[in-house]
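Working from the sequences, and respecting the hints, build out all of it.
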Amino acid sequence: MALYVLRRLALAIPLLFIVSILTFVMVALIPGDPAVRILGAGHTLAQYHALDRKLGLTQPILSQYWHWLDRLLHGSLGSSLFTQQSVGSEISQRLGVTLSLVVGSTLLSLIIGVALGIATAVRQGALGRVIDTLSWVGFAIPNFWLGLILIELLAVTAKLLPPSGYVPLGQSVGAWLKSLVLPVLTLSAVGATGVAKQTRDSLGDVMSSEFISALEIAGLPRRSVVLCHALRNAALPTVTTVGLFAVAMLGGTILVEQVFALPGLGSLAVQAASDHDLPVIEGVVLTFTLIVVVVNLVIDLSYAWLNPRVRLAA
Amino acid sequence: MSAIAPIEAEAVARGPEPPVPGPPSGRPGGMLRVLLRKPLGVVALIVLGGIVIACAAAPLLAPYGPDASSLGRELAGPGPQHLLGTDELGRDILSRLLYGGRPTLLAAAEATAIALLLGTLLGTVSGYRRGLADRAISLWSDVLLTMPVLVVLIVVVSVFPASLYPAMIPLGVMLSAPPTRVLRAVTLAVREELYIDAARVSGLSHAQIVLRHVLPRIRGAIVVQATLVGAVAVVMASGLAFLGFGVQVPAPSWGSMVAEAASYYQQQPWFLVPTGGAIALTVLSLGLLGDAVRDAGVEVWGGATTTPQRRTRPGAHLVALNKPHEPQRDPGRGGGALLVVSNLVAAVPGGESGELTLVDGISFELSAGRTLAIVGESGCGKSVTARAVLGAPPRGGWLAGSVRFGGLELIGASRGELQTVRGRRIAFIGQEPTASLDPTQSVGSGLAELVRLYSGCPRAKAKRRALELLEQVRINDPARVARLYPHQISGGMAQRVMIARALAGQPEVLVADEPTTALDVTVQADILALLRSLQLSTQIAILLVTHDWGVVAGMADEVLVMYAGQTVEQGPAEAVFHSPRHPYSDLLLRSNPYRAAPGMRLPAIPGTVPAPGRWPSGCRFAPRCPYALESCTAAPIPLLETAKGHYSRCVRIDALQAARAAEAPTTETTGGR
Amino acid sequence: MGAEKSPLLEVRDLSVTFRRGRHTFKALNGVSLEVHHGEVVAVVGESGAGKSTLGRAILGLVAVSAGSIRLEGEDIDRIRRRGRGELARRLQAVFQDPYSSLNPVRRVRWALAEPLLVQRLPRAEILAKTSSMLVRVGLPADAAERYPREFSGGQRQRIAIARALMTSPKLVICDEALSALDLSVQAQIVNLLLDLRSELGLSYLFIAHDLAVVRHLADRVIVLRAGEIVEHGPVAQVCCAPMHPYTRALMSAAPVPDPRIEQARLSERVATLAKVSTAVL
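Chains as they are written, first to last, in this note's numbering: chain A, 1 to 314; chain B, 1001 to 1673; chain C, 2001 to 2281.
No lab work stands behind these hints: they were computed from the structure. Do not rely on the hints blindly, as some may be mistaken.
[As the list claims (entries may be wrong)] Going by beta-carbon spacing under 8 angstroms, a handful of chain A positions derived as facing chain B:
{"#": "1", "residue": "Leu15"}
{"#": "2", "residue": "Phe17"}
{"#": "3", "residue": "Ile18"}
{"#": "4", "residue": "Ile111"}
{"#": "5", "residue": "Ala115"}
{"#": "6", "residue": "Leu127"}
{"#": "7", "residue": "Pro142"}
{"#": "8", "residue": "Leu148"}
{"#": "9", "residue": "Leu150"}
{"#": "10", "residue": "His229"}
{"#": "11", "residue": "Arg232"}
{"#": "12", "residue": "Ile254"}
Because the structure is a prediction, the values reported are computed rather than measured. Beta carbons are placed, not taken as given, at the ideal position from N, Cα and C, and that holds for glycine.
Set out below in structure tokens:
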């Protein structure tokens, strides 16, 4: 198992670098000039050249990347071309918001999804078909649209929750929770229904397998067959699905943060993209990728731990 | 050899056998036909088609131009003039939706096409070639899946702000990763099929094989992936538009209209509904269509169909199956009988009459220390019978008749009553030992769990007992094996574990359904010896279900021969082997190469076993029987006692015995080689 | 058996090694055998012995690590290089699983025509050959228009045999061709194989684990264990008077439908078990 962990970690690092290189190249090849943007209209050529040199934009791409990498290994992500603020600090300020969203929606999806999945798998019938269709509805409703609707219904009309804005955890736990309820609900729609369907499907699959029927014919009561044996086996594909949806919901935070005006990484990304703020874009991409890699690693490790075949492999 | 000749002559005279009449031979490529029978799929197809056509034909269908504004009619609700209302500039929402659908759907189509093209190519190459190409492509997919899609898209689209199309290229590339994965898995599975090997042997090149065999087989999966990717692409494209990317005001696009609707919610809440609804409806129909296509694929190409499990009670017509002239076994007769089965019937839903009988009136008794073997070929109902003894009906079906064990009637018993018997008094071992064990549980912990269940003893004691049981089944080093998981032990070892589990409750009866069929012949001999020695020491009664007459010969005290759901012969083992009283048993024993002269044609039984639901009304073996007469097919044949304890369902025993007597005696009596 | 002195198939020191990550597994280790014209040579062994690997290596479905395979005196790789259809004209196969050896979405005639695809015969000739081959294996000619799922296991295996014979090969490798069939059907197919052998002068390399069938069908038999040959010779000799202890164990373990013999064997094994347990206790 330890070997497996090390191997997965070893694979994760090159992955990070490949992604960062790809993004760097893509962004750097973009026409359009940050220097022009910063100076605005009516700048002189001299000012332009000075800024260009200062920002290091005159150098060839490879050396730009090399400098960036060098800086990164020394613990710095550089500074924004526009605000001159350290990219690292901007990201760390906003990271909490995005992480709260992702973790919250993943947990909610997991709890609701698994509970619903178990309930409908054990009892056949209409509820199961409802879950099937509902899971597609959950996916089909664009999260930005759902967010808007929830705001209008629960915040504006019913005045139950704040319509937008974020209160940091340090200020007030209650207000922090309240500011997160609607965004997390919005994000979880697709995750909860998807996990429910997957749990139901894999539990159904497991229930019709040979060893379950062997346990029943050996006289095991239904309850322990399902809860102890079937669930343990169905957990494997479900865990993988939860991971997939966690990554999807991470992407969804970009839109949700816009709708709910939350100062997270997503809104930073949108802003930086319009500004062609290269260091910020790079930093945001790297952070997102890091989160995805960590999520995948957690999923892989959980899977390995649950599955004896992987856990005990040489 | 004179008896053989008429049989041979018959076989030749019958000529080539007709194919089994099966389902109507329509083209299985009529997956479309199956698809059209699914209501949800049809609706989804119609809705999707409608949306696409409507948007494509926007210039013809839209009541207004996309920019035509009606002053004084801003933010109006739905009405006769404007079916879906108007926006903040008085423009007709319906028209703008129709025009706005075009860039969104086109962009999504572009991304989907790229994703599927790449995905199919990489997936099939990866799954077919394996090796280095596979590893490289998998690494590539890993990289793609790790990239934050929306962020990358935003960056690209910010460069080309006027349209969505350039951003669709990287989207297509990134979205090709899931189809690559899925199509790789499907291709791998197809690659394992033997017809691929046969094609190789015939000299076809790899390219020919992929085109002829692989691609047609995976086209269902390709369509499903296309709908999934399409759904994601629509969501992404509209999401980008919502953020303000890729649109040129005032040109409409679905996502940007939602953004407009958001800012004007106070004045006109309705505005949000059609704008977001269009996106939701399109994605929903894509998703439901994909589900329907996948289900259709499973139906057409086999794999378990999800038939709903009906727990219906047996209908009145089952009563008629209890034929009155059948010799009813007197339940009180067997003095030492542990288990008495009378007129066991098992059926499942299906066939033309709605009910398919699998077992049609089997009766037998089991006594302590004795072995009854049920022997027959596939489809005769022996496995169903084995499970019925534990009160378990066939999947989705039901049981009738009587299975009495120690005063308790097991057919129709409640779950609680069955649980007092299962495992504790009647145990079961099946054909696939490794598959019968929970893969996530170690051998020892599974055994201990059963011990605790049956005896309620504390954990430590249960653990010790588990080790004892492993010793009892002659496993060396039980402590080490107890720590192992099912995938770490061989088939033979797994069957010993299953026997140990069966013994955990100290049962009086063991039902073994083809326990050694999946094992090597030397392992089989060991397992059978183990069962026999356990029987000698514990006096356990064994019901052994098998197709192998050699196994029967060693183990059985009594033999029951099954054919097409019925008992055709039943009696002491010696009698059945040395003087069979049914043509089926006789011919089956004769056609065994063991009894024939090497290199000569075997006296084979012509034809095939009739499937349940297609059983002839008279003697079910008559169509294949060399002694059959008209009287055999006229009416059902009863099971009669022809010699002490030896039953037969045949009215032509005299002819059979005459034929056997005419034969040279050497082939039967010694039987040795 | 054959009139020609040189063997039809000659395998010398064949070795096949599989790699799974860092582990290597030697499936076959220096196996040599010969099949003469008109002969039936059986290869028996338990699971993992390497018998399927042997068949697949000869057919070119699995890479050979060492050794040579010659068909009619010519190296088999040379034959393949000459043209893709070259080998198929002389060597064919029938596989174990009748449900997996035919593409379910294609009609039977499509499957039968496949071996002739590379030979580039005119369509009419292929159709005629298809019909005649179906009749020869005991199926009606109109079976060509049906789909595999309309046939039983035994019938599908007949179709597979018909397909193998389309190119009029000299050697057919039967890889557990009877194992998945019911007993009554097995007898039918055994008869068919015997008939075809005498009618068409075929040779078989018959891979199996059922010793009774092998004894009935084969002229010579080779016993494989863990990738190596432990014994080989004429079938009567190997089966009735085996010399190697493994072969003896195999022969005595294979059950025969005679209660007197089997019950005696069983009692003996049970007695051995009792002795062992008392020794342990």
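Quiz item: Looking back at the numbered hints, which does the structure fail to meet, lowest number first?
Solution: 2, 4, 5, 6 and 9
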